[in-house]
Amino acid sequence: KQEVTQIPAALSVPEGENLVLNCSFTDSAIYNLQWFRQDPGKGLTSLLLIQSSQREQTSGRLNASLDKSSGRSTLYIAASQPGDSATYLCAVKTSGSRLTFGEGTQLTVNP
Amino acid sequence: SAVISQKPSRDICQRGTSLTIQCQVDSQVTMMFWYRQQPGQSLTLIATANQGSEATYESGFVIDKFPISRPNLTFSTLTVSNMSPEDSSIYLCSVEGGGIGDEQFFGPGTRLTVL
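These protein sequence lines map, in sequence, to chains A and B.
Counted from 1, the first sequence has number 34 at position 34 by the numbering used here; the numbering is strictly sequential.
Take the position in the second sequence, starting the count at 1, then add 1000; the result is the number in the numbering used here.
Hints are computed from structural coordinates only; laboratory data are not their basis.
This list has only true hints and no planted wrong ones.
Quick list of in silico lysine-lysine cross-link-like pairs, DSS-like style, CA-CA up to 30 Å:
#1 B:Lys1007 - B:Lys1065
#2 A:Lys1 - B:Lys1065
#3 A:Lys68 - A:Lys1
#4 A:Lys42 - B:Lys1065
#5 A:Lys42 - B:Lys1007
#6 A:Lys1 - A:Lys42
I would like the entire structure built from these sequences, with the hints used as guidance.
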């Protein structure tokens, strides 16, 4: 059974800092890995999708890497802003298009 | 990317009643997914709904409690039946984008509180 773990559970940083969120998964037989953002009480916004054959994806200040063999992914946020405050969720897709989610990292960026 | 809407956005219900949540997508999709997010927790897949066939339920979820309809390629409903306070959650509809890599998109969610 696939299990996804995210570290840290919560993170508070001053504005402007670069930061790294971590995601690990137990079964490397994944189809892809997706990072999402969730604001309080809201749905999920897709940030980055990495296919199993890819090593990284970039979008603006966000960079996500994938090391499938070791079961790890990182989300790098450059020059963090208060508007980045949200919960960040990592999810891996396995057979049957099923997404398995981590518990999330709650990020607070202080002005 | 797919644009997904859900109705209602939130509701407060009495125990023992049922609520039907609607999900509308702006394009035709093969599979639609229903997730539950209990307070302070991550998302758990309830079921996968294909048009023209019975929904496939994950372990721990049953059709009697969470009946699903999928009448066409852009619409689905999830009913939460005989509700109890433990059903208080955010319920989210999701689809695969159909583009490169099968990126998955989510609706805004329905926040349900059961008293």
